Each structure stands twice: as structure tokens, then as C-alpha cells.
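J.: The chain contents come next:
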Amino acid sequence: MIRFAWLQFRMQAALTAAALTIVAVVLALTGLELAHLYDTTVAICAAHHDCSAATTNFTAADGPLQVFSDFLLLAVPLLIGMFWGAPLVSREFEAGTFRLAWTQGVTRSRWLAVKLGLGAVASAAIAGLLSLMVSWWSSQLDQVNANPFDSLRFGVRGVVPIGYAAFAFALGLTAGLIFRRMLPAMLAALVGFVAVREAVTAWVRPYLFTPLHQSLPITTATPVSIDQTSPGIIKAFESTRGISLPDAWVYSAKIVDQAGHTPTTSFLSRACPLGNYGPLNPRDCTARLAAKFHQLVTYQPGSRYWPMQWCELAIFLSLSIVLGGFCFWWIRRPVT
Amino acid sequence: MIEFQLDTASGVATYLQLVQQVRQALQLGILEPGDQLPTAQQVVAKLAINPNTVLKAYRDLEREGLVRPRPGQGTFVVGTLPRIDPAVQGRFLASMTAWLRKAHAAGLGPDDIEAIYRTAVRNSFAEGAA
Amino acid sequence: MTAVIETNDLGKQYGRKWALRDCTLSIPEGKVIGLVGPNGAGKTTLLSLAVGLLTPTRGSITVLAGRPGDGPAQLEKVGFVAQDTPAYAGLSVGKHLLMGAYLNANWDQQLAKRRIDQLGLDLRQKAGSLSGGQRAQLALTMAIAKQPELLLLDEPLASLDPLARREFLQGLMEIVASHGISVMLSSHLIADLERVCDYLVLLVASHIQLAGEITELLATHHRLSGPRRDPRSLPSSHEVIEESHTDKQSTFLVRTDQPILDPAWTVRPVTLDELVLAYMGQAHNPRPGRRSALGVVS
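Taken in sequence, the protein lines are chains A, B and C. The opening position of the first sequence corresponds to residue 3 in the numbering used here, with each subsequent residue numbered one higher. The opening position of the second sequence corresponds to residue 20 in the numbering used here, with each subsequent residue numbered one higher. The opening position of the third sequence corresponds to residue 49 in the numbering used here, with each subsequent residue numbered one higher.
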């Protein structure tokens, strides 16, 4: 059965290998140039006192390719699900060839097992290779840009694309098995994959690990904004961008005192009288706040990056296994 | 080697047609003792009939003592049938033609003649077992 | 006598509709079985049940003493060609043979290649560009080359022209003669199957109307004609299948084991065609008081 699956798969495999090779060559050539650029400008910018210029110049290099490589890693799992997973079984139903395939000397379960297994492994391998290449290519860019936990960036680096691809494939195949028609299966794969991916990003990833807390003093560099949110209520807000925790994922930054209370309206109206565009005297306001309050930052430290990657990979691989188990159950029930 | 023909419109059972063709071949000298009959496989590959039909025909011929199967080799002719002497055949054909002319002149049509013929054959061969 | 296909009160239901019902058969091995019936009668359903593509709603079916589709050993024993002879349009003829070799333990590649050569098919031609007849021959080759004990063919002649039909049957009969396999092929035309079948199963409106060895069926059915008579006056051993009357004459198609002794009758044999038509007509207009159809077991 494995040899037969390969027989059917050969053409697609060749095309994919060719495409991957092209991508690899392009990335290899431009990647070496990028590394050279980094070594000659940003790495030594401190000595030349032109870091901001060097950084800006560097991060703008190969802009289109940056966008494209991120897009590629974003799209490939979805494409795998829609154009590999979904047609794999549904096409056999549409063309009636399942009547040929299921009356040879292999059981349906074995037929499915090989298609599912080989396909999932191939999908994972492609996504893994691609992620490896792109991660290598943008390693210095990522370093300069910081913010590895960015919701978009997190999903197109490291090991999670492997999980996405395996899951998308399994989802497409399951949809093809249930709907028995290619277009509904492709649609289901599209909608299902996007929905699960978004759901995990928004509702699971932040809660995988309990975030840490840290108290930071309020300084003149802290961007604080005081605002009248509704008549008689004044609140202090802080932007999470001002936090200098390198490579961390900052969830929130609250201004609180020793007891954990936020500044009251009465305090703020005295300490930071408001004009039309905010506090009339920002420096005094900040100084008065700093005397009584500090920033309470809720965050994931940079060291949690890889644990989160592996965790999310495990989640998607588990989902793939669950889908696989479902497929086996489905194909063995009395089916017309 | 004899080659079988099939007349699907004749109303005669297939296996009987095969038997008749072998007997005729024996009578006409086309088949002689020692000759091999085509295998069932060869016959059906040409006629597209059920192999059991061929086997049934060969079994009938074996029962009549005309053929015998040799395991692993095929079915071979072992018996003979009285050859029809062409001269004898010619004489009977002539006398029959004369009879038919008389019957036609007496006003008998083809169906009447057919009915008379069938009755006569039935009576004759029933009495003097063929 | 071992049965090649045995069913017991077999039924298959889709929603509220029964595609097959009350099907009880015991078909001996070594036969070429003609499965005849109008379109929609349940022939494809029966074949699909026999090969394991469907599972019964009621009753049971046993093929070659095993359950259909139950494991590789059972799947190897049964060769199947579905209606419209599906094939992978993008795979060549040669790759289809490879598929057979990879997926079947008893694959005879020599036999497959010999047949393909005989048929004049190009190994490199994609199956999608083959004609209907060529695809049918490819499908038959694949079913034969796995050396099954039973071949099930669903309307294999339907899309073939007369020459292709003849060639298909020639090839099929040759395999039956050389390998001794059992074959069941379905058609809605009895004329297609008369030459090659020695066992008949007639399916009309999801029920078995008639089943048995063809020689036995022809020997036990007769057409009687004589002066006009009421069918109820016939002896009880004569089962009337069909009747027609003029003011002076009655004609009956009867089924009986007993010899016809009444001299008033002119007795004529029945052709397979007439037999099938009579039973098909009978299925749609059941005679009052007729017993339900019983399968003849040989």
C-alpha cells in the first residue's frame, strides 16, 4: 500500500520538491547577503554611533522578501489542508475510484492509514523545512525587531508550523471523508483551519503558562497618559510599549501603589491637572506618580518562547491524532 | 482440428449443436480416431460460451463411446460413426426430391410436409432405436 | 456442495426505501451466474453487499464462506468490476497493473501483461484517454490478474459496442475455463448473458423473483396452449406464471416438476427470454393467491 500511495503521490512530491528547492536557493543567496549587511552595519553600530540609522536601513532590507517568506509560512499549512488533504479521499468518492481501491487486497483501514500517515508526515516535513529555512534567513532581522511573541510572527517561526501543517492535512482529509465531495471539503478545511488557528492564538496561547509579574519604577521615560474616561472619573493608563523587558510578551502594565490600588480620581486631579491635551505639567505629574506608584507588569519572559512553541506544537499534533482516530472510526462504520 | 460454429437462432441447445458437429465431422471423415478435439478453453475463447456447455457436450460424446479424455492432455476421438457414402447420400437425396415434387403437386404446402416428416421420423426412430 | 454466495433474508435499506429485501440465495460454486433485472431492481446493491462496499441492514451474506470485505484474505478472493469501470484517469495502464501488483498478494503479472498485449493496449496510455471498451478490458484484467475465486461484474457490457462485448465475453470465458472461477455478472438484458450463464438470478423491484440453474429452469417451465380454461382448473402441481386468453383459446406459462399428461395441451418449451419476461411481468402485476417466489436451489 505504501508503494501504491507513493505511485499516486509521485508527481505532487516532485513539484513540491522543486518549489522548495527554488525557495531554498533564493533564501540562501539573499540570506547570506543579509547576514553580511548585519555584520557590517548593525553589529558594529555602537562604535559608530549610528545605530538608529543602521537599524532602520537593515530592517528595511529585502522588504518584499520578508513579507513573502512570512506569507509563505502562513499560507502553506492552509494550502496543504485545502489542496492535499481535502482532495485526497473526496476525489476517490467523486470519481468512483474508491470502488476500485476498496476491492483490492488491502482493507479500508490500511488504505486510510497509509494515506493519512504518509500525508501527515510529508506535510509536517515540508512545513518544518520551510520554517527552518525562513527562521535561519530572518534570524538577525528577528533579533533587531525583537518581539518574538508577536501573534503573527510566533506562528511563522520555530516548530509550530509543523503542527499547523499536520493538523490542516488531517482536517482536510477528515472533511473529504465526511463530505465525499471535493469543494465542500476544501471549504470546510479552510474555515476549520482558520477558526482553530485563530482560537488557539487568541484563547489558548496566552493561558498556556501563568504569566509573571514584575514591579518597575515609573520614570520620565514611561509613557503614561491621564484621561477623563467619563464625567468625574479620571484614570491613568500606560502603554505596554514602554516596557523594557527584552524579548518578553507583555500582557498588561498597570499603575498601582504598594497595596495594589490604582490612582484615584481625587489624587490624579490634584497631581496631574488636565488641560486640553493631557496633563498641564507632564514632568511634575510623572514625578508625583512615581513617588507613590509603580508599574505592575504582567508578562511572559523571553525564556518561555520555546516552551510555548513546543506546547502549541503538541496541541496541534494532538488535534491531528484525534482527527486521525475519528477517521478510522468513521471509515469502519457501516457506510453506504 | 475441428472448429465449432454456433447458430443461436436455430433453437437447438448449444451443447447439442457441438455434439452434432462432432458427429457430422466423424461421419464426413473430417475427424478420425486419434484426433484431438479443441480444449474447452479454446472453444470458449472463440465462441464466448460457458465452458460447462463444452464439457457437457464432450461428456455426452464420451458416453456414446466416440471420444475419451486423457488427463492432462485433452479429449481425443476414439470411436467412429458409419460414414455416409456420398453415392448413397445422392440416391436418397434424389428419391426425396421426387417425393417432394409429388407432394407439392398433390397440394401439400411446406408446413403439411414438415408435419408429415416429423411424425414419420418420430415413429420410425422410436420403433427402431437409433 | 459449497456455496459461493449464500444470503439469508438479506436486505438493504436507504432511509425509507428498501433497495433489496428478503433475499435468500444459495449459489453453488463453479457457475457463471447471470444477475438480471430492470434498472433500479437492486443488482448493484446485491453486488456491492457481496464485495463489502455495503453492509446489510438486515439478514446476512456469506461469500466463499467468509464475510465480505473482512480482511485482506477475503478481499483477495473476490474480484470486482464496478459499473462504469472506474479507473484513475491520471495513471497509465502500466501503473494500474503496478497498483494491482502492490495491493494484491496473488497478483499474476505475466497473465496481466499477456492480456494487455493481446488486447492491444498501450502500457503508457493514461486511463483517462481510453475508450469505454478499453477501460472495461483493463478493469477486467485487473480483476482477473489477482487470481480470485469469484468475479463480480456490475453491468460490464452496458457501455460496450457489439464487437467489444464479444471480445469481453471471450476473454472472460477463457479465464473461467482455465482457472475454474465462479463469475456473477449483472445486466438488464438477458440476451447479453444467455450465451455464457448457466445460473440465473432474477431481481425485480428489490426482490428475488427467480433463481436457479438455467437447464433446470428451462426443464421445469412450459408453455401450454389449448381450449379456453380457467387457471384454477389446472392441477395444483402446475404453478401458473403467466396466462393469456382469447375467446376460444388459453395459453399458460406454468412451472411444474411433474410431466404434463393432459392430452388437451400443446406443450412447447420456453426460451430464457420468455421466462424472464414472464417473471418480470408477474412481479409488477402479482397474480392473486400466488405463493411468494421461492429460490430453486440446485
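The hints are simulated quantities; they were obtained by calculation from the structure and are not laboratory data. Among the hints, erroneous ones may be present.
[Claimed, not checked] Some chain A residues flagged as far from chain C (calculated, every beta-carbon gap over 12 Å):
(1) I4
(2) Q10
(3) T99
(4) N147
(5) D152
(6) L214
(7) P225
(8) S227
(9) Q230
(10) T231
(11) T264
(12) L298
(13) G304
(14) R306
[Said to hold, decoys possible] Distance condition first, Cα-Cα at most 25 Å in a straight line; then the derived DMTMM-like pairs of lysine to aspartate or glutamate:
(15) K65(B) / D165(C)
(16) K143(C) / D286(A)
(17) K75(B) / E242(C)
(18) K174(C) / E215(C)
(19) K75(B) / D165(C)
(20) K65(B) / E54(C)
(21) K143(C) / E77(C)
[Stated by the list, open to error] Stretch-level coverage of chain C by chain A, calculated; a stretch enters the list once three of its residues show a Cβ under 8 Å from a Cβ in chain A:
(22) 71-82
(23) 146-155
Given the structure is predicted, the values throughout are model-derived calculations rather than measurements. Glycine included, each C-beta is placed from N, C-alpha and C at the ideal position.
J.: So, for every hint listed, does it hold in this structure?
T.: Now for the hints, and whether the structure bears them out:
| no. | hint | result |
| --- | --- | --- |
| 1 | I4 | violated (8 Å) |
| 2 | Q10 | violated (7 Å) |
| 3 | T99 | violated (5 Å) |
| 4 | N147 | holds (45 Å) |
| 5 | D152 | holds (42 Å) |
| 6 | L214 | holds (56 Å) |
| 7 | P225 | holds (61 Å) |
| 8 | S227 | holds (63 Å) |
| 9 | Q230 | holds (67 Å) |
| 10 | T231 | holds (61 Å) |
| 11 | T264 | holds (64 Å) |
| 12 | L298 | holds (63 Å) |
| 13 | G304 | holds (50 Å) |
| 14 | R306 | holds (48 Å) |
| 15 | K65(B) / D165(C) | holds (18 Å) |
| 16 | K143(C) / D286(A) | violated (83 Å) |
| 17 | K75(B) / E242(C) | holds (17 Å) |
| 18 | K174(C) / E215(C) | holds (22 Å) |
| 19 | K75(B) / D165(C) | violated (32 Å) |
| 20 | K65(B) / E54(C) | violated (32 Å) |
| 21 | K143(C) / E77(C) | violated (33 Å) |
| 22 | 71-82 | violated (count 0) |
| 23 | 146-155 | holds (count 8) |
In the structure shown, a violation is registered for the earlier hints numbered 1, 2, 3, 16, 19, 20, 21 and 22, in ascending order.
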